[in-house]
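Modelling step: build the complete structure from the supplied sequences, incorporating the hints.
Numbering follows our numbering, with no gaps: position 14 of the sequence shown is 14.
Honestly, I wouldn't trust all of these hints.
Said to hold, decoys possible - Distance ranges between label pairs, derived from CB positions:
#1 GLU11 with ALA91: 23 to 29 angstroms
#2 PHE60 with GLU84: 20 to 26 angstroms
#3 ALA97 with GLY14: 27 to 33 angstroms
#4 ASP64 with ALA87: 25 to 31 angstroms
#5 GLU24 with PHE60: 33 to 39 angstroms
#6 ALA97 with ASN61: 31 to 37 angstroms
Calculated directly from the structure, the hints in this document are not laboratory data. Just so you know, even glycine gets a beta-carbon here, dropped at the ideal spot from N, CA and C.
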Amino acid sequence: PIGCMLAEHDEGRGCIRQMDSALESAAAGDVAARESLVEATEAYVGLLRGHIDKEDGVLFNIADQVFDEAQKAEIRTEFTAAEEADAAVTAKRRTWAEAL
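Shown next as structure tokens:
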């Protein structure tokens, strides 16, 4: 399951790169970039729906069996730090999208 999940993470990063590029182009006035943004967004949404189902239905069940409570707490702390670090990037993307 890990290999599949990692491949989907790579695919998701590709969708995000395409969305970022399209947002930059659209913000600069490229009307055609909006279609690219829509396509990348639809692909990302579909990928995420399937990915989250796999996490919830398989991966997290395995993790609950493998990790002890201290390890789970450490993982939660690391996820929180990663989400906070990504907040600035998310704000930038939101500003671009709102400008469209």
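Quick rundown of the hints versus the structure:
For GLU11 paired with ALA91, a C-beta distance near 24 angstroms keeps the hint of 23 to 29 angstroms intact. PHE60 and GLU84 have their C-beta atoms about 22 angstroms apart, which keeps the hinted 20 to 26 angstroms range intact. At roughly 19 angstroms, the beta-carbon separation of ALA97 and GLY14 lies outside the given 27 to 33 angstroms, and the hint is violated. A hinted range of 25 to 31 angstroms holds for the C-beta pair ASP64 and ALA87, which are about 28 angstroms apart.
At about 35 angstroms, the beta-carbon gap between GLU24 and PHE60 stays in the expected band of 33 to 39 angstroms. At about 35 angstroms, the CB distance of ALA97 to ASN61 agrees with the hint of 31 to 37 angstroms.
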